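Engineer: Each protein sequence line maps, in turn, to chains A and B. Here the working numbering is used: the first residue of the first sequence is 1, the next is one more, and so on. Here the working numbering is used: the first residue of the second sequence is 1, the next is one more, and so on.
Each hint can be trusted.
Taking lysine-lysine pairs in the DSS-like style, the calculated list, with each CA pair at most 27 Å apart, reads:
#1 A:LYS378 to A:LYS308
#2 A:LYS463 to A:LYS308
#3 B:LYS167 to A:LYS463
#4 B:LYS591 to A:LYS308
#5 B:LYS316 to B:LYS549
#6 A:LYS378 to B:LYS167
#7 A:LYS477 to A:LYS463
#8 B:LYS567 to B:LYS549
#9 B:LYS567 to B:LYS167
#10 A:LYS477 to A:LYS378
#11 A:LYS308 to B:LYS167
#12 B:LYS316 to B:LYS393
Distance ranges between label pairs, derived from CB positions:
#13 B:THR605 to A:GLU462: 41 to 47 Å
#14 A:MET182 to B:ALA600: 16 to 22 Å
#15 A:LEU430 to B:GLU218: 20 to 26 Å
Simulated coverage check for chain B against chain A, where a stretch passes if three residues somewhere in it have a Cβ under 8 Å from a Cβ of chain A:
#16 71-78
#17 160-171
#18 180-190
#19 579-592
#20 600-608
Rather than coming from a laboratory, the hints here were simulated on the basis of the structure. Since the model is a prediction, treat every value here as computed from it, not as a measurement. For every residue, glycine included, the Cβ atom is placed at its ideal position computed from N, Cα and C.
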Amino acid sequence: MNLDSLLLTLVWTLPFAVVGLSLLIPKGNELWVKRLHALGSGLGVLIAAWLTYRLYGRLMVDGAPMGADLRLYAVTRIDWLPSLGISFFTGVDGLSMLLVLLTAIIVFTGVLASWNTGTQVKEFFALLQLLGAGVFGVFISFDLFTFFLFYEMEAVAMYLLIGVWGSGRREYGAMKLTLTLMLGSALVLVGILALWASSGLGTFDLTQLATVRFSPGLQAWVFPVLFVGFAVSAALFPFHTWSPDGHSAAPTAVSMLAAGVMMKLGAYGALRVAMYLCPEGARQWFPVLLYLISFNVVLGAFIAIRHKDLKFITAYSSISHLGLVLLGLAAGTYLGVKGASLQMISHGFLTGLFFAVIGMIYSRTHTRLVDTQSGLMKVMPFLGVAFVIAGFTGLGLPGLSGFVAEATIFIGAFQNPDPQVRILTVLAVLGITTTAVYVVRTANFILHGPFRVDDGHGHVMEKPETSGLTDASGVEKLALTLLIACILGMGLFPGWISRMLDTSLLPMFRALSR
Amino acid sequence: MIAHGYLILLFPLLAFAVNGLWLARRNGFAAGLFSILMSAASLAYAIPLALEWFAAVHGGDASAPVEAWRFTWLPLEGALKVDFSMILDPISVMMLLVIGTVALLVNVYSMGYMRHDPSRGRFFALLSLFAFSMLGLVIAGNVFQMYVFWELVGVSSYLLIGFWYEKPSAVAASKKAMIVTRFADSFFLLGIVLAAYAAGSMDFSVLNGSAIAAMSREVSLGGFHVNLLFLASLLMFLGGWGKSAMFPLHIWLPDAMEGPTPVSSIIHSATMVVAGVYLTARFFPMFAAAPGFLDLVRVVGIFTALFAAVIACTQKDIKRILAFSTLSQLGYMMFSLGAAATVLGGVNTAAYSASAFHIFTHAFFKCLLFLGAGALIHHVHANELDAMGGLWKKLPLTWISMLLACLAIAGIPPFSGFWSKDEIILAAWQSGHGLSAALALFTGFLTAFYMFRLYFLAFHGEPRGGHGEGHGRHEDPWMTVPIVILAVPTVLSGLLAKDFFHHFALPHQVLSESPVEHVAWLPATAATLGILGLFLAFVLYGRRGADAKAALSVEGRGGWYRLILNKFYIDELYLFVARRLLIGGFAGAVKWVDTNVVDAAVGATASGTLRSGALLRRLQNGNLAFYIGAFLFGILLLRILGRLPL
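Here chain B stands alone, though its shape is the one from the complex (with noise of 0.2 Å):
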């Protein structure tokens, strides 16, 4: 079975194959079905070779990595090659098992929210490019081949959030993720070939083994002594920093719900945002062992998380406050990989697990709280929360998974999000990061918050426009099955996952402490700040009498509302550096040189010699006299000169 895990991949390449080249212009449903067929089988396959994996690791050291098969891809120099292969270790098991569901669920899901749009064969073959690339990503056995899959997780990313090709947001927004993601993997392809020139490995068993001890070394940088190791991580890092949307190269993500639905729900789950976590987990016994690098991280982490939950607190469209609180999220993800060093110099595994714990059970419920947007988007063909309310009459299904959901990501136990999140904090906590984990456990109060502003406003109160009014219920079996599945994990996968995170999602080749004792008021004080959260969500927006639209209304808001609501201003500060400097200002003025001096100097050799030959032209003019004259004048120009033997 493991030996031919490559299977796992290859069903979803195929779908895209199928799709692109043949099935998509031919027929959009057959091509929904191909990939839901092949998308299935994938995750068939990746199930029972995940049972095997861990029969075969059970026991022994389950994070030892299992190399299911490796082959040479492209031979560079003597030792140094790049390699394809596929690692098994518990967060690569656990990945291939999450995208596998989502990236189905995704595509039934599809079939329902596509279905009128006249492109929907393409839509399926991207995806199933975009659950390929993943997949090629998490099994990846060194950095390499993981930048390769990064990248086209990049490009897919690209192709569906332009979709909808016509739109200039939609068009605008894709090129927005391109680039910016592209900026940081710019910094992580510098720090792939810092690696294989430092290391002369890629692997990931090198970089994350004896390539440390090689790399720990000061080396001089125009004047400054760097420690090479936290430079090669902190270059790879950039890569994992943009494609998880950390501040402040998270402009990206809030846009990138200009895609269809569906791509904005396997996007901020499975795929894409999550490979920047996965990075920094993959890389984890190297950054961990760069002096000072973790407390980078988790500084990083736990700013992205506040401040993208306090933006989410002013925002009216649906879509833009379910990103919002993925960036949030994958803050709190990050935040937990970094708060694994401790105050004494130790690492904590357990924030380790705590992470990967965090990136399964948030998988499943924003999976779900996006799909729910989209079929209510759907149902009042709007994003704004100000055509919405009222909504659970018509949508009943997907109301009652949405408030599961919103009850996950608050951290409301005994719901997934609660256990994940308290995982988190205490973990935090038992390194000695205390302002850290009231930091975290505020921004939980704010999740809790701003998730049910959300609900209250969608479901509860008076109908507010839109336009799915008055047919009664409402719900499409396409979209609301994989809604209702994904209720069960989103409620249940927190509980029953948890020992399996605690004990087996442990980093490969690092020392774990001790661990510290249980720390019980803290899970009670989370639990007890969401609630309170919720509850104040009820009172503004939710309870009988309370009124929406001017909770809704920007009008009278104080500049520090406004500040908020435009993201502070962030966006703008970038197109101005991108347009106006870089692009105008400098680009422009290389063009000007380019073609004012350079081109304009290749002009003035030419015209100089077509003067100049026109000049000894008139030496030619077919007067006998000039010519004896000047026949004369330079015999005795020699003569005077000397030089001839007369």
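Just chain A, same shape as in the assembly (with noise of 0.2 Å):
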């Protein structure tokens, strides 16, 4: 085992070492769990980052595959169940490198801002973990097998992270997202084992599935099934009402990774799994489902507009955020799909931002509806203004990450000559207005304007000195300010990541056109 994968493996199995760690540590020293916690988990951060140093290198020395084979780096492989064609194989390529660097700043940041939970601390730290290692597992595997294994593992840590530490109607919210995933699930499956049965390769490897051509008839229901399956998780009207109430009803570090990385992993299978091994069907099921993603890119964000809860508007701000994700894959150009996966990165830091500041203020104010509380900025300045970078960054402000993806996504989807594409383009790049609007309405309602807090049970603050409302604490500013900076990293030198990305999407993109 070389060292690459020696580090692959350790980021994966990091949680699970740390949940093991805190279980040894006695009842009544929560705050030691905490730190134990927030010790692992950014050590995760610090090797992932290591190790996507080390294989940027790597890939700048050898360029792009020239087939339509992946290039896998930091391979593990271990056999399973032989007789099936089961086996443990993790490894990276560019992209999935990316979405697990991503991953652990956010499983990281997520930790930082569940610094106040205070029932059952540890029991949720375990869970957050292992939620984590769940989407890591899924970034990192090419077997499907324990792709999917991995994809159901984090869905059943949600629940019982929505379940038990939610707030709200949080039995309904945690109930609504795990049964609508497990439909996507269920889908995700049928695809899977059909692709599985028909190779005729006995093997669940994708990089060997991908060397079969599916035949045409198979392709055209397998397609449709395993995309609609994996958009389950990114938000795909109409199954994209589990969003909102899950996120409103779901710790704040919960709805982080939910809309953070989970999400993500329904953009991720869609390209990886459902795009790279049926093309053929892609292409002749795209026209249709262009009309779903229209829905989420244009009316999601007339419908941020009328909401009044903040996690609403995010959430339905995430909905069409995740739609030109889905635009980008669907329109089927290079950089159509590049943007798409810039996307998916930069969205990871934008809502991992957006809903760590939206719960810091509820924490505070214990009011989550815009026009019951104004004036923020005065008594909290650090978390309005990383609201304020959290929605300039979802307007699509260059400089930060969001314009970086979204400009690529416009310019490559506006490239596939079909009419209905190109309108949607259009509609897609008028609609940066309704984002501005949704955005700097929310701005307004809750930072500008005079002082004033009512949180709904009678108790009204409108003098910010007694309001006893503090600032963002230390813990809570270095998550911020860790997402803050890579949303600016990501804005400012897009350039090495569009690189490594092109050294996975070229491949692929080979595989999708032919």
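Each of the two chains sits in its own frame; use the hints to bring them together as a complex.
Structural biologist: Listed below in structure tokens is the structure:
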């Protein structure tokens, strides 16, 4: 086992190790539990960053593979159930490496953002780590069986996290989220088994399945099953309503992970499995799926304008941003796919930041409604500025990560000569105004104007001095600063990410266009 | 010098970073000093750089852009990539100097104006960001880079207009500015997407050169046949349309004066609003090649110039009057670029240089006017002319400088505005646009009238209240010195820079036509009309015994006066469309469907599952007789259906 493989294995096993260690901490030492988890996930970020750095060097030397085959690095391969063709097969290419790094950062900042968790601390953080481990597993698995195994693992963790530690209608939210995602998983499972059975290779190895050209008839039904199955977790219309209800019930860190990385799993699976293995089915179905996607892109933002709960606004903003990812994929041009990949990464940071700030504001003012609080900038300037930065990223301000991704998607999608794609692209571009409307409206509602907070239980605060509201604590500032730094880093220096993505997207795109 | 031209941008960026991250919260005064120092450094670098550039291109083709540096920022696909670069040509160098000067003076002025504001450190940080963004915009060598900085300019102005974020009117104004310009920018972005597709490049040198031929074709757009070049030009121009607040996207600019006055000053003179004109100048060869496009630019320009001048005649808020005067002057600049298309189908490059010339002179006198207005507001603690009058005694230096600026904007020779405006009208006349030139002349008359209306009502007559009475002379040197310094270019920049613009500020890649002879009576007419306007204002508001109160009163005015005073109710129309139709109607309907149809269907699926589960559960009732009965019934059923091998 070489160093890269070791590091990658560490990334996804570390959460388990941390959970195991935390069980040894005696009761009543909650702070130490939190510290252990912060340390562990922080170490995870460092390892992932180091591995990314090493991989970047390798990729720049090796360049993109010439054919349509993936070239994987840091590979670990252990036969598991040879009779069924199941092996434990992990590795990374440019795309999955970046998503792993994203996940590590979101888990770490999520741990920091949950610093004030009061009840059943040990269990909460343990489940959070398992959720993270599940996501890591999906991004690095190139065996579809283990891929699916990890894909399910995070859904279970999420159910418990929302159901136990959530707020508001938490049972409802948890149930709705989990059941909708399970529906998607069921479809994914059907699709995977169909491909496994009809390949004739008797293996779940993605790289080997990719060498098979499945018959058009099979692709014609497997592709929509797989794509919709995955896209459910990317909140494809009309399967998106789990997202607002799930988020509004979820604790902060779970919202961050759910919107930040779990929704990316859907987009990632749609690209890596559905489109990569069934390119002909993709070409056949995308004109139809575009209609669904257009609801996400165009209408999601309009709905966000009308909602008053901050988490609903952000959830619908995610729905419209994920719609752009799906638009980039569905356009089927190279730049569209690349823009979609960029948007997956960018949106992870963006929505992580958004939900982190909202959670922090909620924990102070005890209300998430935009019309019951105003002038918060005065009492919590750090949180206010972080919110504004998240908003600007969402509306695609250059210099922040969202712009790079969205501009690439727009330019890429327009290259598809199909009039439907073009019209949707035009609508999506003009939709940046709608995004600006809800971002500016929300910021104006809660941050600007004279200070006033009404928590809905008869408690109204109008004087900043006596409100007792505080700005972000040191731990919270660390979490927010890290996310903002990532957004700025990607927005100011997108070149290396773009080059890194090229090495893994070029072969996948060749497979798509054959 | 030129190779390190990025330093011009780096200084204000450093000021933003240092002030924003650290200094602003510690010490507002130090933040201000640091901003001043950095903007001075930026200007100090820009001046020798401009000289070096001038020496290098002197004698050759000055309009050919010199590329100072370039690097790839975002590789997209194959040859399509986004570079960042710095190009130096007459208009970009001119803008570097103008922005540098204005930014420095506004920073100095703000030390006085924002003296008592507890968050002035943030103000200086944002002001530096604003200058940085505008500098990045003017040096852009490709349209994508221009868009990047274009958006940064927009967002800096949003943050600055809403600087006093506890004031609801400021928050509303910043929102309006953001959304209106954003709306226009979405078309700009679409234009870039289209250009990237059709031309395969985003460099100005390609878009203004080889891509013109490639894009000169008809495309079908839902049944309509449109010239692709025209379409791309229109989309890009729409960005400038909104940024430069041309009618009917002008509604944000008058409200934008809710920000601190130094912000208004920098927005109206050197950053933000001239960006649209600059974009049009930057794309001039492409726009000129699109059939009939410059005519559109001309009509939009002259209409805005006249329209805003009419409104300015009735306003009472001194900053609003100046805002409408900016709209009007921007109209002139846009008009001039459009008037470059001659009726014979050629290109009159004199109109292009006249536009650049007017950007140049306008920047100084408009900056002065706003800074002076800020001094007045600071003194009387009100924006309305109602509270002013007789201020010349209190603010003598401001008074003299404002008088000079009013003379300049009114187009009275030999002040700067006269020269540039004269060039514009002359060029329009030479291009054969007689009617537009006449309208421009008339607008000049109105300009002189409303500016001197402001001047007489503010500085002369009896004092009409306001707080700052009875203290004798009252001028803050931080504020007065920039005003007085600006008076110099306000007087001289026209006369001195005339030849430079005439000979050098020509569009690259466009063939110049042989110059048409000078029409001597035009400048004379323009000057006469200016003096007439001044005289009319004097008779109505300035002479002894003029009743200023009655002049400002709305009582007893006709309906037309109210119509103009209320800016033709265009804001209300927008509000209706945005609030009622789009947000209330459309978005509301979409949300309703989302909740009551889509989510209801999801809920129905769930409750349907539950209910069918409940129904099926009844079968499991534990009654043995029922089970046996059901079993027998089943067997019977299968037997009848004939599927069981019995």
